[in-house]
Amino acid sequence: MRIKSWHLGIGVVSMVLGLLFVFQLRTEWKMRAVLPTRQVNELAKMFSSQKLQLEKYQNENEYLRKQLKDYDRDREIVRLRMTSGLVPLKGKGIFITLSDSDKKLKNYEDPVFYIVHYDQLELLVNELWAAGAEAVAINNYRIGNTTGFSCAGTTILVDTKRLAPPYEISAIGDPKNLKNALMMPGGFVEQQILSFNLKFSIETADEIEIPAYKGSISFDYAEPVEEAK
Amino acid sequence: MYIPIIGALIGIIIGVFIPYDIPINFVKYTAIAILAALDAIFGGIRAQLDQKFVFYKFISSFFTNTALAALLAYLGDILGIDIYMGAIVVFSIRIFQNLSLIREAIFDRVWWHAGSDSKDKDI
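If you read the protein sequences in the order shown, they are chains A and D.
Those letters in the first sequence? Residues 19 to 247, per the working numbering, in order.
Those letters in the second sequence? Residues 129 to 251, per the working numbering, in order.
Here chain D stands alone, though its shape is the one from the complex (with noise of 0.2 Å):
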């Protein structure tokens, strides 16, 4: 589980070194992108916990989904409508989703180990 975090690391140190800020009109859009990074983070680590990691497949769906909500977000400011908060709740919601799956995987194998330990000391 320290992979994700790792990686948080070095893209914040190399975000702190490369003196770049986003033009506020596109603050939404890195938003957007940030909420799709996450919702593929954890969706990535629910994959790899059920043992369905397929390596193009995350990067793909990662880069459509942004690509999705990018243009989502971009025809609600030609439209007047902030059709982006779709998106916005579509990955809070996978997000929660995943993270439950993830936390039940987790404890399933705890308590299975646990489980099983004590069973056989029971034994």
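The following block holds chain A by itself, in its conformation from the complex (with noise of 0.2 Å):
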């Protein structure tokens, strides 16, 4: 018998058929004799999803694990305390000591121009926040989260604490930095201390400490709200 194209082609595909019909026979056994159920396919459709779901969780699981190992419970109360102002503090730092000026007045000078007041203190512990320093005092009164200026006569009020010239005000911070950010040309201090005379020094220094908070922290009306995942 010649063999033709038919032949070939037919018989091939044929083979596959027998090849394929084998395979799946034998699979199609396996599985009668491992789920009795006719919905196989369903089953082995949520079975793989449900094992890349295992595989996902299993990573996070170990994820969370390593989280929970490094997590250490003392060293973040203690970040919290020195947050809160618990806890005095020290470091490099500087130290700022500014006062009324001493410059005798001329009849026509208003000497209210030439005296520290209170939202001129606020601004210069402003520039020191938005400097970098870590911590702030004044008069060796420790600059809380909550703390507020306010004037009183002669004297600024620190939350209820009363202050009187000269304030010395120490920072907590890189002190170059620190120093740079307020004696930057055309800045806070030029335009607003430098320029009354007021009495102004800035030294750096390589320990400086700063107490701990003395007002009060308690929340009445805030709530902590919860994390959404």
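Check before you lean on any hint, since a few could be wrong.
[What the hints assert, rightly or not] In silico contact screen, one side only, chain A against chain D (beta carbon under 7 Å); selected entries: (1) Ile28; (2) Met33; (3) Gly36; (4) Phe41; (5) Ala149.
[What the hints assert, rightly or not] BS3-like cross-link-like pairs, simulated, lysine-lysine; straight-line CA separation at most 27 Å: (6) Lys22/A to Lys185/D; (7) Lys122/A to Lys108/A; (8) Lys232/A to Lys179/A; (9) Lys122/A to Lys217/A; (10) Lys108/A to Lys22/A; (11) Lys180/D to Lys22/A.
Keep in mind that the hints were calculated from the coordinates and are not lab data.
All C-beta atoms, glycine included, are put in the ideal place defined by N, C-alpha and C.
Can you join these two chains into the complex? Each is in its own frame, and there are hints to help.
Below, the structure is given as structure tokens:
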């Protein structure tokens, strides 16, 4: 018999058919032996998706476990206490002295421009925060999260503590950065303090001590919100 | 007509000796491939009976049909709809059509011979 093209084509496809048939049958038998239900395809799909999910959860679990291992409760507490001002701090920083002007005033000069006002102090502290200060105290009184400044006659009220000049401001942070930020040409200090001949000096110090915050930390109205996951 | 049977037997024997089974996830695809192969075989036989068989057409149609069916099955898996049912229906319909055409062609041939023979005898 001469082999023609259709013999070859149909023969090959038939062979493929036989092969696939055997493979399929084998799988089917195996499946019957293990799974009695008819919904095998559905179950298989579910199985593979669940397996993927399981893998995902396992990875997440591992990640969380690692985080848990790395998490140091004490260190966290110390950090939080430092942030809220509950512990005295020390470190490198700058020391600023600010005082009313000594200038002998002429008759036409208004003395109100030549004394230190609460807003100047507040803005100065603000500048310090902006320059990266980690803790600030005025006359050894720690500036806390809720500290406010107000005017009280010849003195300045910080929280509930009365302060009188000279104001000694100590700030912990990178001394060079803090000093440069304050002495920026055209900045707050040059425009609002030096121009009024107020007494002003900055010293960098290798060790500055800042006491703990003495004001009240109480939350009567605020409640923590559960963080959404 | 014994070519497909011989081919299938060779395939089955090879299959028996290769210890492989299809992963459960792909059973659907194999089922479609089997149907496509069946369809191709019936189509090929019919084309041969009509004297229209072209080897490359036959092989390429087999592979494109199988590929499209597999693609449909895959799409169905993604979308959660059994789109491959469409392929199964089409293949089945074509198999039956081809089968009936093959049957008619064979009967025609047999009857034509028989008829001519009887006519010859009658005259």
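Now for the hints, and whether the structure bears them out:
1. Ile28: holds (5 Å)
2. Met33: holds (4 Å)
3. Gly36: holds (2 Å)
4. Phe41: holds (5 Å)
5. Ala149: violated (56 Å)
6. Lys22/A to Lys185/D: Given pair Lys22/A, Lys185/D holds - Cα atoms ~15 Å apart, limit 27 Å.
7. Lys122/A to Lys108/A: Outside the cut-off at roughly 39 Å; violated.
8. Lys232/A to Lys179/A: holds (10 Å)
9. Lys122/A to Lys217/A: holds (13 Å)
10. Lys108/A to Lys22/A: violated (97 Å)
11. Lys180/D to Lys22/A: holds (13 Å)
Hint compliance for this structure: hints 5, 7 and 10 are not met, and every other hint is.
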